[in-house]
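FYI, the numbering for the sequence shown is 3 to 76, going by our numbering.
The set of hints was computed from the structure by calculation and includes no laboratory data.
Accuracy of the hints is not assured; some may be wrong.
For each label pair, taking beta carbons as the anchor points, the in silico distance ranges come out as [as the list claims (entries may be wrong)]:
hint : residue 1 : residue 2 : range
1    : K6        : S52       : 17 to 23 Å
2    : L49       : S18       : 15 to 21 Å
3    : L12       : K35       : 17 to 23 Å
DSS-like mimics (lysine-lysine), calculated; alpha carbons at most 25 Å apart, straight line [what the hints assert, rightly or not]:
hint : residue 1 : residue 2
4    : K59       : K35
5    : K45       : K22
6    : K44       : K22
7    : K45       : K35
8    : K6        : K45
9    : K6        : K35
10   : K6        : K44
For clarity, every value in this text was computed on a predicted model and none was experimentally measured.
Ideal placement from N, C-alpha and C gives every residue a C-beta, glycine not left out.
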Amino acid sequence: YRNKGYASLLLNYIISECIKNNYINITLEVSEKNISAINLYKKNNFLVASRRTNYYKDADALLMIREFGEQNEK
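Please put together the full structure from these sequences, using the hints given.
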């Protein structure tokens with residue numbers, strides 16, 4: 003089901019629910035090798051907050067965050 007927009011739809015729904023419920027942020031963790039997922043998150047205003055070295059057997063993990071609030075919404 004790749005490249006059909008399902009991940010974007012789900013992520014946009016989650017983000018809209020978080021905004022509606024006044025959440026402060028969303029954090030997630032992704033393998034540095036998962037470029038498709040990283041690009042999706044960056045497209046949705048997630049930023050890399052930190053790196054967990056050797057978290058996976060063959061890769062680091064990236065901790066990403068999307069903050070909410072007037073200054074963060076476009």
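Verification of the hints:
1. K6 - S52: 17 to 23 Å: violated (31 Å)
2. L49 - S18: 15 to 21 Å: 19 Å Cβ-Cβ, so the 15 to 21 Å window holds.
3. L12 - K35: 17 to 23 Å: Between L12 and K35, where Cβ atoms are some 21 Å apart, the hint holds.
4. K59 - K35: holds (12 Å)
5. K45 - K22: This hinted pair holds, its Cα atoms lying about 20 Å apart.
6. K44 - K22: holds (21 Å)
7. K45 - K35: Satisfied, since the Cα-Cα distance of roughly 17 Å is no more than 25 Å.
8. K6 - K45: Distance of about 16 Å is within 25 Å: holds.
9. K6 - K35: With a Cα-Cα distance of about 21 Å, the restraint between K6 and K35 holds, given a limit of 25 Å.
10. K6 - K44: holds (18 Å)
Violated hints amount to a single one, hint 1; each of the other numbered hints is respected by the structure.
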